[in-house]
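Chains as they are written, first to last, in the working numbering: chain A, 1 to 113; chain B, 114 to 226.
Hints may be right or wrong, so weigh each one.
[To be verified] Pairwise CB distance ranges (calculated): (1) B:T190 with A:Q28: 32 to 40 Å; (2) B:Q193 with A:S27: 30 to 38 Å; (3) A:S53 with B:K225: 45 to 53 Å.
Simulated from the structure, these hints should not be mistaken for lab results.
Just so you know, even glycine gets a beta-carbon here, dropped at the ideal spot from N, CA and C.
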Amino acid sequence: SAVISQKPSRDICQRGTSLTIQCQVDSQVTMMFWYRQQPGQSLTLIATANQGSEATYESGFVIDKFPISRPNLTFSTLTVSNMSPEDSSIYLCSIRQASYEQYFGPGTRLTVT
Amino acid sequence: EDKVVQSPLSLVVHEGDTVTLNCSYEVTNFRSLLWYKQEKKAPTFLFMLTSSGIEKKSGRLSSILDKKELFSILNITATQTGDSAIYLCAVDGSSGNTGKLIFGQGTTLQVKP
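Using the sequences provided together with the hints, build the complete structure.
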């Protein structure tokens with residue numbers, strides 16, 4: 001399977017600031033996704049990162065809060081804007097391979113104080 | 114509304130025991146069911162199941178899908194302390210082949226020496 005890297009691995013941020021998380025894949029993939037896992041909860045899809053066009057957001061997530069870029073088939077960024085303590089979560093990028101198997105990056109643990 | 118339900122939510126066993134984790138689902142357009150193991154941040158892919166009755170096996174882990182009864186089980190035989198983790202079940206039930214995964218709550222497995 002493809003190798004997925006994310007950075008930063010973790011960060012502690014102050015409320016009101018923004019953080020951009022990067023996701024890099026070692027091969028071209030058509031489908032990339034961003035998930036959030038709040039403390040003690042399961043994973044929830046934030047959006048599908050579309051190459052060359054605007055991301056497709058799930059209900060409850062908006063572009064102003066979670067802008068996403070996908071400049072090519074190996075890279076994507078997720079920004080968490082104007083952060084509040086409720087944004088403290090693990091953020092994960094994932095890819096879907098041609099086999100339809102989905103793999104996750106190592107995750108970014110965000111703490112907002 | 115599409116949903117995935119896992120049971121039990123938590124389980125404590127001793128090394129050498131065999132465990133069975135359950136996942137039931139209700140989705141509009143079933144495409145596949147995936148199992149993951151989550152130890153720290155990133156879910157690690159275990160299996161993807163698309164056809165009923167065909168067992169997937171990897172070492173001490175195995176899984177099978179029943180599309181008639183809408184459930185899957187994950188079996189772990191001869192458990193080891195390294196099997197301690199959260200096991201996540203996810204279903205790709207997206208219309209339009211979007212790849213969106215719906216996750217269950219997870220089963221937390223603790224294996225005691």
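Check each numbered hint against the structure and report the violated ones by number, ascending.
-> Hint check: nothing fails, all pass.
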